[in-house]
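Novice: One letter stands for each residue in the lines below.
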Amino acid sequence: MKDNIDPIDKIDAYLLGHLDENETANFKQEIRMDKSLAEKVAKRERLIAAMAVSARREMKDQLKEIHKNVIPEAKQRSINWRPLLVAASVAIIGLMIWRFAFPDGASAQQLFAENYKSYDMSLAVRADGADPRLAEVSQLYRKGDYQQAMPFLQTLASEQAENAELKLGLAMAYYETGAVDQALPILNQIIADKDPFLSDEASWYAALFLLKQDRVNDARPLLKDLAERPGADHQLAAKGILSQLQ
Amino acid sequence: MTDKELLELIKSGTPDLVNQGLTELYKLNYQSVANYVLKNSGNKEDAQDVFQDGLIALYEQVRKGTFMERSTIKTYLFAICRNIWLKKLRKEAKHHDLGELDQTIMDDTALAVDQIICDEATSKMADLIDQLGGTCKKTLLLYYYEKKRMREIAELNGYANEQVAKNKKNKCLQKLREMAKKFPELNPFFS
Chain A
138 MKDNIDPIDK IDAYLLGHLD ENETANFKQE IRMDKSLAEK VAKRERLIAA
188 MAVSARREMK DQLKEIHKNV IPEAKQRSIN WRPLLVAASV AIIGLMIWRF
238 AFPDGASAQQ LFAENYKSYD MSLAVRADGA DPRLAEVSQL YRKGDYQQAM
288 PFLQTLASEQ AENAELKLGL AMAYYETGAV DQALPILNQI IADKDPFLSD
338 EASWYAALFL LKQDRVNDAR PLLKDLAERP GADHQLAAKG ILSQLQ
Chain B
68 MTDKELLELI KSGTPDLVNQ GLTELYKLNY QSVANYVLKN SGNKEDAQDV
118 FQDGLIALYE QVRKGTFMER STIKTYLFAI CRNIWLKKLR KEAKHHDLGE
168 LDQTIMDDTA LAVDQIICDE ATSKMADLID QLGGTCKKTL LLYYYEKKRM
218 REIAELNGYA NEQVAKNKKN KCLQKLREMA KKFPELNPFF S
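Just so you know, the protein sequences line up as chains A and B, in that order. When we follow the numbering used here, the leftmost residue of the first sequence carries the number 138, and every step to the right adds one. When we follow the numbering used here, the leftmost residue of the second sequence carries the number 68, and every step to the right adds one.
For the record, the hints were derived by calculation from the structure and aren't laboratory data. Careful: at least some of the hints might be erroneous.
[To be verified] Straight-line distance between alpha carbons at most 30 Å, and here's what the computed DSSO-like set of lysine-lysine pairs gives:
#, chain 1, residue 1, chain 2, residue 2
1, A, Lys-177, B, Lys-214
2, B, Lys-155, A, Lys-147
3, B, Lys-233, A, Lys-172
4, B, Lys-242, A, Lys-254
5, B, Lys-242, A, Lys-331
6, B, Lys-236, A, Lys-180
Chain B on its own, in the form it takes in the complex:
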């Protein structure tokens, strides 16, 4: 499959096609990233973790339209994963001589890598979103993460129309707000 075809699958936003694209990317790219991590003080679990985080970062870049296609997907993905691994090693402060990062790639991937790191309060709020479950979580993520319009959300969830989807979204946000009230550290998330 060509890079163009892979990008089309990811951009489609259709779950089956996205899954197909991610599976292909996994098959084509995992081993090179794993080899790098294993040769640089990591183990199999680290390799899996780094690659999956890198793939998620790539997915978001593609979906946002910020993947510039200046390099191949393979090169770009490897660079993201290498940067993720180097950041983790630096954080553990086990290694000082980590080699130079490719500055060109670093500029492009820095934002991608930074976006997958989050603070404790954000992680806690994400826990509550996970707890919402079912159609509530699905509706909120379709709107706020996938940035889908209400019409499309209504179609995907089998609602009668856009207004129903919007009411559902608002009801679910209200539920989330009620759940967050128990945790003072989550005050900064709601007006």
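Isolated chain A, as found in the complex:
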């Protein structure tokens, strides 16, 4: 590791085990000699411990889903195969028609299907005094109960107009319940607001939804911005889509 790295980066590297044996020994010595450095290391350790708590909560949600799927008494109902077979038949027929219509190359819809993954909305659900509706809507969203989550998301998004995460979740819920025309204006608003953390996500999903609607010329500028702007989220994926559209 270079000697002229940012001190905080070096603390991170030390705590995360990224230093080699010599560097670690030297840094431990520096900590022993420098009280202020020792305090900074201690603070960073606490922050990393909090990251672990957050990660464990996510893992616990994951394990709760596994529990529902594998533990017999936790399963809600037995599987009804008839509607699944009907849906599968419709999907196969639809796929045959689509392949006939687009025999060569990647269509806009195909690119959408290859790249779409529902947004992983994350809201505070445990902060002291936090709105209990956040926990409810988070749970419904995670389970894919977008129809049930919708009223909560609509109310919360209108009450917390500055919360881009809620708006993005609402847009996804609209899309997942077949109302993509209501999703797009919300995504455009997040983009227009230039939210520093979610405007790229909004651009990405807006581009994907436009591809789904075969509005390639509308999707292209969004993808081009993501592909060309340094540091943009989904940059590589956007480049990939654009190269296939050409």
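Fit chain B to the supplied structure of chain A, relying on the hints for placement.
Specialist: Same frame as chain A, now just chain B:
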């Protein structure tokens, strides 16, 4: 699936494979832990809670490379879960005669169990991390919890290169610092 195969799935760090490993561990081990908790003053919710905490503790041990493989996964996981349950019972002070803990296993699992308990301020900071949402939270947890390098984080998030991933991490930390300013009790987390 053998213990070795399960450990490989967990160590992979790939979300689908890890999920597969956790699912197998759940199927193979939940019932014995549930039986123990139910026989020792617990209910189904307690059993679920204890087992899930135990599985998380095991996951972290495996990922850190501190699971020593001196015992089978089944034995080790059961011991962690038993210790978690006994600690909870002691905390509630409902029971005094809890039986002797297996000291050998206790030494190995004590750290695993202790690490899943946290203080109020840490819990509050974790709430703010949860609030970050989206790619911010994902980037920070990939770096600080999964201990992935910037190159890998860039690949996973579709960033152009390592520097972009690092800038994103720093931007997200700055956002977290701004959010924490409203809470004086969180001063000890930032320099």
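Novice: A separate judgement is required for each hint: does it hold in the structure or not?
Specialist: Hint by hint, here is what the structure shows:
Distance check on the hinted pair: A/Lys-177 and B/Lys-214 sit about 19 Å apart at the alpha-carbon level, within 30 Å; holds. The straight-line distance between the Cα atoms of B/Lys-155 and A/Lys-147 is roughly 38 Å, outside the 30 Å bound, and the hint therefore fails. For a cut-off of 30 Å, the pair hint linking B/Lys-233 to A/Lys-172 stands: about 28 Å separates their Cα positions. Proposed proximity of B/Lys-242 and A/Lys-254 is supported: the alpha carbons are some 25 Å apart, at most 30 Å.
Distance restraint check for B/Lys-242 and A/Lys-331: the Cα-Cα separation of roughly 15 Å lies within the 30 Å cut-off, and the hinted pair is therefore satisfied. Restraint check for B/Lys-236 and A/Lys-180: the C-alpha separation of about 17 Å stays at or below 30 Å, so the hint holds.
The structure is inconsistent with hint 2 alone, although it conforms to all the rest.
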